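Keeping the supplied structure of chain A fixed, place chain B upon it in accordance with the hints.
First to last, the protein sequences are chains A and B.
Heads up, the first sequence is in the numbering used here, so the first residue is 4 and it goes up one at a time.
Heads up, the second sequence is in the numbering used here, so the first residue is 2 and it goes up one at a time.
Any given hint might turn out to be false.
[To be verified] Over the 12 Å line for every Cβ pair with chain A, so calculated as not near, a few chain B residues:
(1) Asn132
(2) Arg138
(3) Ala161
(4) Leu180
(5) Val242
(6) Thr245
[As the list claims (entries may be wrong)] From the structure, some residues in chain A lie toward chain B, with a derived Cβ separation under 7 Å:
(7) Ile31
(8) Pro85
(9) His89
(10) Leu92
(11) Ile93
(12) Ala97
(13) Asn104
(14) Asp260
[Said to hold, decoys possible] Examples of chain A residues lying across from chain B (beta carbon under 10 Å, computed):
(15) Gly54
(16) Ala82
(17) Ile83
(18) Gln91
(19) Thr98
(20) Leu102
(21) Ile147
(22) Val225
None of these hints come from the bench; they were simulated from the model.
Bear in mind the structure is a predicted one, so any value in this text is a computation, not a measurement.
Each residue gets a CB set at the ideal place from its N, CA and C atoms; glycine is no exception.
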Amino acid sequence: MLHGLTLGSMYALVAAGLALMLGVARLINFAHGEFFMLGAYVFWFGYSELGLPYPVAALLAPAVMVAFGIAYQRTVIRAILPRSWHVQLIATLATSIVLTNLAIIVLGTQPKEVPTALSSRILDVAGLRVAWQRLLVLAASLAIFWGLHWFVGRTRTGRAMRAMSQNREACAVVGVDVQWTAMVTFAISAALAAIAAALVSPLFNIFPDMGTTLTLKAFAAVVAGGFGYVNGAIAASFLIGLTEALAGSYISYAYKDAIAFVIMIAVLLWRPQGLFGRRIGI
Amino acid sequence: MRRVGWLVLGVAILAAPWLVAAVVPRQQRYVLHVLIFTALFAALALSYDLVVGHVGSLSLGHPAFFGVGAYTAAILATQARWSFLTDVFAAGLAAAVVAALVGVPLFRLAEHAFAVGTLGLALVASVVANNWVQVTRGPLCITGIPKPALGPLAVATLPAFYWLALAALIVVVSLYQGLTTFRLGRAFHAVRDNEPLAASAGIDPLKYRLLAFTIAAGLAGAVGALYVHYLSVMCPEEMTVALTVNLLVIVFLGGVGSLRGVLVGAVLFTALPEVLRLAPTWRLVIYGGLLLLVVIRSPGGIESLLRRASR
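Next up, chain A with everything else stripped away, as it sits in the complex:
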């Protein structure tokens, strides 16, 4: 159960970034899982290789990935934004493949483990044994979702993001800085993925091609939760994480990766607009 919540938090952080990009920039970023993968390696490098303390290494990952996200938006995304969705999809898929295989070449396929003090410390409550790290994942994710909600609802840039998700042209007309807002969106998305990576890396192995599966599951959550609707994506992520954990322990571990898609297809057959969705908009 708690394992499912951990998985759900991870998927939700990644899916929220994906939904944000889709909502604001109308863009499906197939390289989003690679943000997570790179974030995890940055964290590994900071924590294991440089010997930084956990909080510092955990903040280093989003810091580096924000820079990477902005660079990605400046180069690849700007070139493809005016193009058809075919081109956008293939371009981001190509980026994902380049990043994955570069990671394989540079870092090798050997999985890396980053156990921290919190991942081995166990909290024992009435026979229920829980690693502290899992509690940290949950608490931090909830705090971040709350922060994201506040940012999008209350700040000037956040409101600009919501406005852009409704009508880009109108935003440009009334003087919203469209480029700046898009850049902030990418920075936030990349940071969310990197934070997720820094939070769960102590619990799971890190390997170069973990991004692809994660992108797909996050997509399944975004699609099931209502296209581009952030809260829906978060809710659907937890649903997928919990189902996966339960199916993994009671039905079949080997087929757990297929669960997300079964859920997605089932939801879409029942409600084509997604669980909570009406139209695109954050």
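Here is chain B on its own, set in the frame of chain A:
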């Protein structure tokens, strides 16, 4: 003059085994192997282009149908001892049936979501191939798939297999042309170019998309069957996402929705890496970069360059 050029090209392609033997006698086997791969990949890419290029649905699930066909043929040939032609036919049929079944829910997804859904399908298929050990033998692979035989005629040598692959390619090319030129082709293009308009003119988009998807899957399954009969072994690695990338590179590098473009793409794609002798991971990095460059700089691929040159 042009006609003579085409005739020479056609004869050269038909006589390739002898030409290769005459020009590079030492590497005859290797060159023929590359040529066979080129023909099979060209056929597979053409089947893929039926969906991507002609009805405009970006499917990323083609490896699943290739895999269904390949495994069907592998199992029927090794365990039930079916003859070559019947198992190729059964492989195509199995892949088409699977496509028709999954196509109904998948086509409820619009544009991006369809791409994601089909990619998910490919992923699920490869998970199943790895884990359904009783049937697919998982990572142990199905081995000992017999060489094809057409009645009493055994296709055991490389030149013979080359002609078989070429014949298969010709069949796929004629099907591709037939499906995309006449009334049906016009309906496909109408659905691709303007879906609401097509629907209002009485062309049911779902019906035509599903039709193209099913036919493409059937062809992919049949090519998969040929492929395993050639390699005589089928492993789950043959149907990973990497295959989708290869197909995307061939189709988009060559030219979406164009017979000539896809054929040129397939030749370039299979010949280039052999010439460059790259490690597989570097190969994917380069393909990814190339794909990125092509879709950003010239979405029409090589075909658009050829058109410009001939004008």
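Evaluated hints:
no.: 1; hint: Asn132; verdict: violated (4 Å)
no.: 2; hint: Arg138; verdict: holds (15 Å)
no.: 3; hint: Ala161; verdict: holds (36 Å)
no.: 4; hint: Leu180; verdict: holds (21 Å)
no.: 5; hint: Val242; verdict: violated (7 Å)
no.: 6; hint: Thr245; verdict: violated (9 Å)
no.: 7; hint: Ile31; verdict: holds (5 Å)
no.: 8; hint: Pro85; verdict: violated (11 Å)
no.: 9; hint: His89; verdict: holds (6 Å)
no.: 10; hint: Leu92; verdict: holds (6 Å)
no.: 11; hint: Ile93; verdict: holds (5 Å)
no.: 12; hint: Ala97; verdict: holds (4 Å)
no.: 13; hint: Asn104; verdict: holds (4 Å)
no.: 14; hint: Asp260; verdict: holds (6 Å)
no.: 15; hint: Gly54; verdict: violated (30 Å)
no.: 16; hint: Ala82; verdict: holds (5 Å)
no.: 17; hint: Ile83; verdict: holds (6 Å)
no.: 18; hint: Gln91; verdict: holds (9 Å)
no.: 19; hint: Thr98; verdict: holds (6 Å)
no.: 20; hint: Leu102; verdict: holds (8 Å)
no.: 21; hint: Ile147; verdict: violated (25 Å)
no.: 22; hint: Val225; verdict: holds (8 Å)
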